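Please arrange chains B, C and D on chain A, whose structure you already have, making use of the hints.
Residue numbers (the working numbering), protein chains in the order written: chain A, 1 to 291; chain B, 1 to 146; chain C, 1 to 353; chain D, 1 to 276.
Some hints could be false.
Claimed, not checked - Have a look at the derived ranges for each label pair, beta carbon to beta carbon:
id, chain 1, residue 1, chain 2, residue 2, range
1, C, Ser81, A, Glu161, 53 to 59 Å
2, D, Ala34, C, Asp142, 56 to 62 Å
3, A, Gln92, C, Ser81, 27 to 33 Å
4, C, Gly116, A, Asp97, 28 to 34 Å
5, C, Glu50, A, Ile25, 46 to 52 Å
6, A, Gln92, B, Glu126, 45 to 51 Å
7, C, Asp266, D, Asp133, 18 to 24 Å
8, A, Ala172, C, Ala22, 26 to 32 Å
9, D, Arg81, C, Lys219, 45 to 51 Å
10, A, Ala172, D, Ile15, 54 to 60 Å
What the hints assert, rightly or not - Using 20 Å as the maximum straight-line C-alpha spacing, the simulated DMTMM-like pairs for lysine to aspartate or glutamate come out as follows:
id, chain 1, residue 1, chain 2, residue 2
11, C, Lys208, A, Asp26
12, B, Lys116, A, Glu288
13, D, Lys270, C, Asp230
14, A, Lys175, B, Asp100
15, D, Lys270, C, Asp266
16, C, Lys80, D, Glu12
17, D, Lys78, C, Asp266
18, C, Lys77, D, Glu275
19, C, Lys293, D, Glu12
20, C, Lys293, A, Glu197
To be verified - Far from chain D, some chain C residues (derived; all Cβ distances over 10 Å):
id, residue
21, Arg5
22, Ala14
23, Glu38
24, Thr95
25, Thr165
26, Ser178
27, Glu181
28, Asn207
29, Glu348
Honestly, the hints are just simulated from the structure, not real lab data.
Just so it is clear, the structure is predicted and the values come from calculations on it, not from any experiment.
From the three backbone atoms N, C-alpha and C, an ideal C-beta is built for every residue, glycine too.
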Amino acid sequence: MQELRDLAKKLFQEKRVDAILGYEIDRRGGVRPAFATQIEDCDRLVFDHRCVHNLASYVSPRRTHVADLGRLGIVVKACDARAIAGLIRENQIKREDIVLIGMRCGGVVRDPAISEPLDPANVAQRCIGCEQREPTLYDHLVGAPKPAPAGERRRNARLSEIESMSPEERLALWKELLGRCTRCHACRQVCPMCFCERCVADKTRPAWIETSPHMRGNFAWHLTRALHLAGRCVDCGECERACPAQIPLGLLNRKAANIVAARYGYTVTDDPAKPAPIGAYRLDDEQEFIA
Amino acid sequence: MSDTSFEPSIVAFVCNWCTYTGADLAGTSRITMAPNVRIIRLPCTGRIDTLFIIKAFERGADGVIVSGCHPADCHYTAGNYHARRRFAIFRELMDFVGIDPLRVTFSWVSASEGGKWADVVNTATERVRKFGPFQMYPKPAEYVGE
Amino acid sequence: MNKRRMLNEKNLDAFVQDLINAGTRVISPIRRKEQGRETATYAAVQNPEEILLAGPQPALPLKDVVFPPTETLFNWKQVKSSIRIKENPEGFKKTVVIGARPCDAAAMEIVDRVMGWDYRDELWFGRRQATTVLAVACSQCDDACFCTAVGLSPTNARGADCFLTPGEGGFEVETLTSKGEELLESHHGRFTQAKDPAKTQPAELENKVRANLSLQPEKIQQWLERHFDDPLWKQLALRCHGCGACAFICPTCHCFDIVDEPEGIDCGRRRRNWDACQPALFTMHGSGHNPRKDQTARFRQRIMHKFNIYPARFGEILCTGCGRCVRVCAAGMDLVSILGEISYMAEEAGSTS
Amino acid sequence: MNLYQPHLVRIEEMIDETSDTRTLRLAFENPEIAQKFDFKAGQFGEYSVFGAGECTFCIASSPTRKGYIEASFKVVGKVTRAMRRLNVGDTMGFRGPYGNHFPLEEMKGKNIVFIAGGIGLAPVRCVIWNTLDLRDQFKDVTIIYGARSVADLVYKRELEEWAERSDVRLHSCVDPGGETPDWKGEVCFVPMLVEKVVPAPQDAFAVVCGPPIVIMLTLPLLEKMGFAPERIYTTLENRMKCGLGKCGRCNIGSVYVCKDGPVFTSAQLKMLPPEY
Chain A
1 MQELRDLAKK LFQEKRVDAI LGYEIDRRGG VRPAFATQIE DCDRLVFDHR CVHNLASYVS
61 PRRTHVADLG RLGIVVKACD ARAIAGLIRE NQIKREDIVL IGMRCGGVVR DPAISEPLDP
121 ANVAQRCIGC EQREPTLYDH LVGAPKPAPA GERRRNARLS EIESMSPEER LALWKELLGR
181 CTRCHACRQV CPMCFCERCV ADKTRPAWIE TSPHMRGNFA WHLTRALHLA GRCVDCGECE
241 RACPAQIPLG LLNRKAANIV AARYGYTVTD DPAKPAPIGA YRLDDEQEFI A
Chain B
1 MSDTSFEPSI VAFVCNWCTY TGADLAGTSR ITMAPNVRII RLPCTGRIDT LFIIKAFERG
61 ADGVIVSGCH PADCHYTAGN YHARRRFAIF RELMDFVGID PLRVTFSWVS ASEGGKWADV
121 VNTATERVRK FGPFQMYPKP AEYVGE
Chain C
1 MNKRRMLNEK NLDAFVQDLI NAGTRVISPI RRKEQGRETA TYAAVQNPEE ILLAGPQPAL
61 PLKDVVFPPT ETLFNWKQVK SSIRIKENPE GFKKTVVIGA RPCDAAAMEI VDRVMGWDYR
121 DELWFGRRQA TTVLAVACSQ CDDACFCTAV GLSPTNARGA DCFLTPGEGG FEVETLTSKG
181 EELLESHHGR FTQAKDPAKT QPAELENKVR ANLSLQPEKI QQWLERHFDD PLWKQLALRC
241 HGCGACAFIC PTCHCFDIVD EPEGIDCGRR RRNWDACQPA LFTMHGSGHN PRKDQTARFR
301 QRIMHKFNIY PARFGEILCT GCGRCVRVCA AGMDLVSILG EISYMAEEAG STS
Chain D
1 MNLYQPHLVR IEEMIDETSD TRTLRLAFEN PEIAQKFDFK AGQFGEYSVF GAGECTFCIA
61 SSPTRKGYIE ASFKVVGKVT RAMRRLNVGD TMGFRGPYGN HFPLEEMKGK NIVFIAGGIG
121 LAPVRCVIWN TLDLRDQFKD VTIIYGARSV ADLVYKRELE EWAERSDVRL HSCVDPGGET
181 PDWKGEVCFV PMLVEKVVPA PQDAFAVVCG PPIVIMLTLP LLEKMGFAPE RIYTTLENRM
241 KCGLGKCGRC NIGSVYVCKD GPVFTSAQLK MLPPEY
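So here's chain A without its partners, still in its complex pose (with noise of 0.2 Å):
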């Protein structure tokens, strides 16, 4: 904790930067993310388990406030770094106008308000399973080396179980969890990687997704969400911790994920020069379903 307030600070003395984001301890004994504007603010600093947030999601050049804050430097974990790095694949950001500080992540929670250490029962399942135990993308890395967090990782079960269910429980499945979407689109406002100008959901004319939280309107949302991410979402998990309906988006995400992951062998990486897998393509890519 001490040596990234030490760095902070000295970022700021250098003039590196103008603003940090990073995470700060909040009312309840959770943490938040902290915007440091001054030297002083650099000692409320903190990184531990409850780091849950991905502040990549302050650094799209829609968020005009945090723009205007200057140059940032940012506290970033593995799964945040592939953010940024997405951003920087993407042309959001350029890479030489942020500074990141990356932090050695032994997992985190899954709510950022579980003041508790990290166990098996309170490890984001994301978290499980990580092999990413340190951004490979950064300007300076702090703390130890951590190890892998134990667990029980549910999640590739779940989805398993899912596709063997039949085509008529999938469907009766998905009407259930997306039927309770109201459409307020927290997801999309608190995904890094949703950085649209102006997103299709908002379009009216035509008006292609509909706006109404009925079963099309929803559908077609959902599943396309889930295609302008697939091979794009960083697996921060934000998107299921927003929705205020809870329901488990990170199913769709991640099956896209392995969708691409097995078609076209791509995962994301905080490698900002690899190309996204849409927005490629190979000549002899599988074509089986292509009469």
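What follows is chains B, C and D alone, placed relative to chain A:
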């Protein structure tokens, strides 16, 4: 509605340069084929957003055909390669949420393949006829009407 | 009114079963297991045993019972050269809510004000009329609850037709409206005479909530009225993603959108959908001009509407202190600490002026 | 019938004002409503194209002209685009009238100055005709109107009519660069014309409407010239859905534009936060 009386409505999104011309050829060659398909012409398969497919189902289609130039024949060099990846992912996602991906037929039909187009149309129509009407969305409730 | 009865656990189940058998929709907090934790959610009861009256606060409010996330305003169809309009024939389903939290019951009565302001919204009041609310005293709270700060409490019966207070082996039922009396009277066999005197609720829970936040709403309102351009807004908006989850999950947020959706070539529907003040599109003009152009303005609007505009127009705070916005926020925006901060600044301003 | 259900109106006449603005004359299909319908100058309505949605406009015709209402609109978004595709004889929806109105009673016996820019003439036109139809009840009537270019001037036939009338003084202008060789009016911006030709503020009311820039420059100008802020009126437009004070998007501070407006005085505007 009994299965025998069900006539599926099928929307075909086709590229201007190959399949549309191929369908035209099928017509001028007087090849008989199922009359259930309505063609919407687009510049390229690369222009066919998956939302077009979703919209077709929302608006009452029972099946969809997506067709364009064979690989290496794209008028815009690579539109169909990009489309191929997009559709590959999309149809697996459809399957994942329980919508039968076979309701959507993907094919490459060149300008000279009038016969193949007729085959695609007939196969798709027969398949969708067997599936029955697309019933995922509740039908519009009672409207004011005569 | 104010009649008191007793309802024991067994009779509660039977009462619910009676209602379901009679075709009434019964909404209650339902037990759910999520990631090993026991949670509750308001839902239509299939089986009385699912009901969880003493559990944690349901994650979503009761709002959708009287104000569905989407509803048809009317259907239209082109007939020759004119249009024919028909309202939804469904009508309003008779509904009984059993186990509404006090914060959720009060919210309906608060929103009644705007829905009845000069023009009476029949869709809202139609559902309100068809719904009988049996609220229950809270038995749990957490660090996000602050109902006591906005004039309510874990035992406040506002907005309820009947109020249930847990006692030994069942509930003491207090009847507050004729609608409530009618319902209980028509099932009088399930209720027994209340033993006197009424048991007073322990104040423990209320004190716990009070410890989270206490404030003087008038002072907050005064401060807001005078501090439209306070630097606080910009500072708060930095963290806000503008996702609007807080508004969608709020029992009192009632803003909506009206959209037309075609259902075919010559027919369609006009619908009313929930909407929120946080996305930019909410106030964007057709020309592209946006009166609330940034998140500072939009976040401020949310706080202003709840704690200044609504009190000024309708004499009520548009907030019941349920704390859901605090729990749902992905960015850790905490209304309790924001109000605390404003309260502190209001005190400071008061002592210096 | 719920609050959100519109009356049916039929397009009786269509006038293209400029390349992108059009006036529709609408008559109620139901004769009973046509008979009953009444409104006051400055009120607005929700106009709908079935299948596209609703749009908020002031009623542009005068309440003294019975049997129809008029709407002038500029094509900008989904609904206005759909309105543009309609033809004479087609059916639209109308809800209203909503909101407050200009204080015609108070304005009687006084001088009145109308100032408008571009399509902002539409709501002002409603009051102008209301005044002119009761001409003997008002003192001097001055109209100051400007647009970006000659092609952008709306209600051209009526401008000519007002120019010819001896009981109305009309001053018009177009922005520099927008004039044509045979343009006889001034070449300047609206606020400059106001400065030049506005009559004495004594015993006078001003009614101003136009794009935000015209309103923002003209109101302080009029005050500087001696008009009382309580006697300078303007009409605001915020995005609305319901028009009934329910949907919550037109608030400016604690004011609901749909209920407390759309007509505000300069004095009232000064009390509001700048969210319009």
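Status of the hints after comparison with the structure:
1. C:Ser81 / A:Glu161: 53 to 59 Å: holds, 56 Å
2. D:Ala34 / C:Asp142: 56 to 62 Å: holds, 59 Å
3. A:Gln92 / C:Ser81: 27 to 33 Å: The hinted range 27 to 33 Å is violated for Gln92 of chain A and Ser81 of chain C, with Cβ atoms some 51 Å apart.
4. C:Gly116 / A:Asp97: 28 to 34 Å: Violated: the Cβ-Cβ distance is about 53 Å, outside 28 to 34 Å.
5. C:Glu50 / A:Ile25: 46 to 52 Å: violated, 38 Å
6. A:Gln92 / B:Glu126: 45 to 51 Å: holds, 47 Å
7. C:Asp266 / D:Asp133: 18 to 24 Å: Violated - the Cβ-Cβ distance for Asp266 of chain C and Asp133 of chain D, about 40 Å, lies outside 18 to 24 Å.
8. A:Ala172 / C:Ala22: 26 to 32 Å: holds, 28 Å
9. D:Arg81 / C:Lys219: 45 to 51 Å: holds, 49 Å
10. A:Ala172 / D:Ile15: 54 to 60 Å: For Ile15 of chain D against Ala172 of chain A, whose Cβ atoms are near 56 Å apart, the range 54 to 60 Å holds.
11. C:Lys208 / A:Asp26: holds, 19 Å
12. B:Lys116 / A:Glu288: holds, 17 Å
13. D:Lys270 / C:Asp230: holds, 18 Å
14. A:Lys175 / B:Asp100: Holds: Lys175 of chain A and Asp100 of chain B sit about 15 Å apart, inside 20 Å.
15. D:Lys270 / C:Asp266: Violated: Lys270 of chain D and Asp266 of chain C sit about 48 Å apart, past 20 Å.
16. C:Lys80 / D:Glu12: holds, 17 Å
17. D:Lys78 / C:Asp266: Satisfied, since the Cα-Cα distance of roughly 18 Å is no more than 20 Å.
18. C:Lys77 / D:Glu275: Not satisfied, since the Cα-Cα distance of roughly 38 Å exceeds 20 Å.
19. C:Lys293 / D:Glu12: It is violated: about 39 Å lies between the C-alpha atoms, which goes past 20 Å.
20. C:Lys293 / A:Glu197: holds, 14 Å
21. Arg5: holds, 37 Å
22. Ala14: About 38 Å separates Ala14 of chain C from the closest Cβ of chain D, which puts it past 10 Å; holds.
23. Glu38: Fine: 35 Å to the nearest Cβ keeps Glu38 of chain C off the interface.
24. Thr95: holds, 19 Å
25. Thr165: The claim stands: Thr165 of chain C keeps its Cβ more than 10 Å from every Cβ of chain D (closest is about 35 Å).
26. Ser178: holds, 26 Å
27. Glu181: holds, 29 Å
28. Asn207: Given a closest Cβ separation of 34 Å, the condition holds.
29. Glu348: Fine: 23 Å to the nearest Cβ keeps Glu348 of chain C off the interface.
Checked against the numbered hints above, the structure violates hints 3, 4, 5, 7, 15, 18, 19; every other hint is satisfied.
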